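Chemist: Now for the letters of each chain:
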Amino acid sequence: MSSTTKPRTRAGKRALQKREPKLEENPKRLLVLRASKTSQVAIGALRSLARLKAPLVTVLRKRNEVRPFELGGEGPLEFLLQRNDCSLFAIATHAKKRPHGLVLGRSFDGRVLDMIEVGVESLKTPEQDTEAPKRAGSIGSKPCLCFLGDAWAKVPHGERLRNLFLDFFRAYDLEEVNLAGIDQVIVLVAQSPPRSVLETVESDGCGDLRILFRHYLVRLKKRAEGDVRLPLVRLEPAMPWMDWRVRRTRFASDALMRQTMPTQEQLRAAAGSTLPRREKNVKYDPARLSKVGKVYLPRQSLETLELAPSARPRKRIRTGTSSATSPAGTE
Amino acid sequence: MEASSIQVDLGHLKVIDNRAVEEQSDIDARASTAVQRLVDELFQLPPDTAATEQVGFGRVVRLPAPIERLPREKPLPKREQLQTRWERFAQAKGIQRHKRERFVWDETSQSWRPRHGGGKARPSIHSKATEWIIEDKEEGPPGRNPFRRRKGSPESRKAAAGPTASVKSTKATAKRDRVREAQQKLSERMKSAKDALDHQLSIAQRSTASMGAYDRRIDGERDHRQRGKSRAGELNTPSQYASERKRALQVADAVLQGIS
Chain D
1 MSSTTKPRTR AGKRALQKRE PKLEENPKRL LVLRASKTSQ VAIGALRSLA RLKAPLVTVL
61 RKRNEVRPFE LGGEGPLEFL LQRNDCSLFA IATHAKKRPH GLVLGRSFDG RVLDMIEVGV
121 ESLKTPEQDT EAPKRAGSIG SKPCLCFLGD AWAKVPHGER LRNLFLDFFR AYDLEEVNLA
181 GIDQVIVLVA QSPPRSVLET VESDGCGDLR ILFRHYLVRL KKRAEGDVRL PLVRLEPAMP
241 WMDWRVRRTR FASDALMRQT MPTQEQLRAA AGSTLPRREK NVKYDPARLS KVGKVYLPRQ
301 SLETLELAPS ARPRKRIRTG TSSATSPAGT E
Chain P
1 MEASSIQVDL GHLKVIDNRA VEEQSDIDAR ASTAVQRLVD ELFQLPPDTA ATEQVGFGRV
61 VRLPAPIERL PREKPLPKRE QLQTRWERFA QAKGIQRHKR ERFVWDETSQ SWRPRHGGGK
121 ARPSIHSKAT EWIIEDKEEG PPGRNPFRRR KGSPESRKAA AGPTASVKST KATAKRDRVR
181 EAQQKLSERM KSAKDALDHQ LSIAQRSTAS MGAYDRRIDG ERDHRQRGKS RAGELNTPSQ
241 YASERKRALQ VADAVLQGIS
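Protein sequence lines correspond, in order, to chains D and P.
Here full-length UniProt numbering is used: the first residue of the first sequence is 1, the next is one more, and so on.
Here full-length UniProt numbering is used: the first residue of the second sequence is 1, the next is one more, and so on.
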């Protein structure tokens, strides 16, 4: 936020304070918007995503001229992200060349960080789920995330893609969780494209990757046998279900990613006070006239101690003196 | 093996199964296994009893820190640069600036009134400060002022008030002087630390059987041994003859007088 506007009202001040950079950040909000051309499928997918992300979601009803993958085309998107204080976005698009598109991404400091465009190949929305129309996870509960498939690790940028989806769907950062509230899981399955396709894909490597989006409700049942303290998990299919085909991608450079993830040291520095460090190992005399320091020397080795210059003839030690006082080796 | 291919990140409630999924029909079973593993690990976390009681249902557990790192949404907040020494001190001490409240509680009207200005809070008429009528219980000639009588004589007032400000201040001054004197002494002692070192060195130098006669000295080390003062002998030079003669005559005088 490089906004230099000064609030004129108290409410305005509070509103700006809410969106200031913080040490402990607010949960990331999702901005849901439609590009200038959309399709029913794309909008259906968008709506179901918005419902899944509620209440951390801001839905824009009107169409917007956003073409994030075109050169310099992310400007309007970044403006909308800043204005709505969102850092995740989902855009429904439709074009003859790329039908039923969905652009999913995240931003850092109001700038687009990572984004991918997927084509929605099949979609089952909650409205179509005639079997159990009322089934849904409780709104706003933190979903479990399950990543299946070997493609996440195989495909270049696959791990980044997984990281993006984790960021996208994780909702809140929790320190504590009520186990009774674990009621939904989002399953993302990555299927590698056939080898022939992999070789022809030029840019990012995860083009043509097939991602299956599945949403289940988690039912915890009592176990009849075995360790009865651990419940038995049963998954019930809940909509939306989507099959995606990855089209265009744009990932941030590793250097930029490092910038977005501060080190522990930087976090401490940001959290710490501005006081200068406490002076250590320095003492003053009571009148503060002089500084007293300690000089640390390594322990002296008595083995190699040379008590008298070896070149000179040694004085004979009288027999009366105890040998205990003369270190070994002098005799 | 299945167990090793599943990785759990409890902090994110995330579970990964790295094996390939060939058929769509496999997804249900594979997801169930993975989530079962996640739930097993969650239920093995120690429960937070206090939080659970507060919620009243279920079982609250404390999650470990997430393993996978995610980018921040915004950069770290910039630290406010504290310019003055006072600001830094105030921060360290937790001193916060706050304005004096404009409104104060008014006992008389039992309401909040402005501290100053129109309609301001006033002390109660029943309070001592604004006592305007008292009963004259004392017997005596009429016309005596009961307020003045209650106030007492100037001497008794003085005695009741304790030491005056000037006395207190003298005491404080005396104390301050004592402290200063002690500080002064200390500082003098510190200034003569070099002398003290020399003294210590001279003792050390004399502390061998030979009184330090055969000790080797470090480069630049002065000889601090105190030597006995040789008695100043008379100089045997012609300029001293007069005084020597005078002394000899004095002795002779004394002898002669003593004898007589």
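Honestly, the hints are just simulated from the structure, not real lab data.
Here the structure is a predicted model, which means the values were calculated and not measured.
Treat each hint with caution, since some may be false.
[Stated by the list, open to error] Per label pair, the in silico range of CB-to-CB distance: (1) D:Asn281 / P:Arg189: 48 to 54 angstroms; (2) P:Thr237 / D:Gly293: 54 to 60 angstroms; (3) P:Glu87 / D:Leu16: 22 to 28 angstroms; (4) D:Ser36 / P:Phe89: 28 to 34 angstroms; (5) P:Phe103 / D:Gln259: 47 to 53 angstroms; (6) P:Gln81 / D:Lys37: 46 to 52 angstroms; (7) P:Arg189 / D:Val282: 16 to 22 angstroms; (8) P:Gln81 / D:Gly73: 44 to 50 angstroms; (9) D:Lys221 / P:Gln81: 43 to 49 angstroms; (10) P:Gln110 / D:Ala270: 46 to 52 angstroms; (11) D:Glu24 / P:Ala174: 20 to 26 angstroms; (12) D:Gln259 / P:Phe89: 52 to 58 angstroms; (13) D:Leu16 / P:Gln81: 37 to 43 angstroms.
[As the list claims (entries may be wrong)] Computed cross-link-like contacts, DSBU-like style, restricted to lysine-lysine with a CA-CA straight-line distance of at most 30 angstroms: (14) P:Lys175 / D:Lys22; (15) D:Lys291 / P:Lys175; (16) P:Lys175 / D:Lys294; (17) D:Lys294 / P:Lys194; (18) D:Lys291 / P:Lys78; (19) P:Lys99 / D:Lys6; (20) D:Lys291 / P:Lys246; (21) P:Lys137 / D:Lys283.
Using N, Cα and C, we set each Cβ at its ideal position, and we do this for glycine too.
Chemist: Work down the list of hints and note, for each, if the structure agrees.
Modeler: Hints, one by one, checked against the model:
no. : hint                                    : result
1   : D:Asn281 / P:Arg189: 48 to 54 angstroms : 24 angstroms, violated
2   : P:Thr237 / D:Gly293: 54 to 60 angstroms : 57 angstroms, holds
3   : P:Glu87 / D:Leu16: 22 to 28 angstroms   : 23 angstroms, holds
4   : D:Ser36 / P:Phe89: 28 to 34 angstroms   : 58 angstroms, violated
5   : P:Phe103 / D:Gln259: 47 to 53 angstroms : 49 angstroms, holds
6   : P:Gln81 / D:Lys37: 46 to 52 angstroms   : 49 angstroms, holds
7   : P:Arg189 / D:Val282: 16 to 22 angstroms : 21 angstroms, holds
8   : P:Gln81 / D:Gly73: 44 to 50 angstroms   : 38 angstroms, violated
9   : D:Lys221 / P:Gln81: 43 to 49 angstroms  : 58 angstroms, violated
10  : P:Gln110 / D:Ala270: 46 to 52 angstroms : 49 angstroms, holds
11  : D:Glu24 / P:Ala174: 20 to 26 angstroms  : 56 angstroms, violated
12  : D:Gln259 / P:Phe89: 52 to 58 angstroms  : 34 angstroms, violated
13  : D:Leu16 / P:Gln81: 37 to 43 angstroms   : 20 angstroms, violated
14  : P:Lys175 / D:Lys22                      : 52 angstroms, violated
15  : D:Lys291 / P:Lys175                     : 27 angstroms, holds
16  : P:Lys175 / D:Lys294                     : 34 angstroms, violated
17  : D:Lys294 / P:Lys194                     : 18 angstroms, holds
18  : D:Lys291 / P:Lys78                      : 35 angstroms, violated
19  : P:Lys99 / D:Lys6                        : 23 angstroms, holds
20  : D:Lys291 / P:Lys246                     : 62 angstroms, violated
21  : P:Lys137 / D:Lys283                     : 68 angstroms, violated
Violated hints, listed in ascending order, are 1, 4, 8, 9, 11, 12, 13, 14, 16, 18, 20, 21; each of the other numbered hints is respected by the structure.
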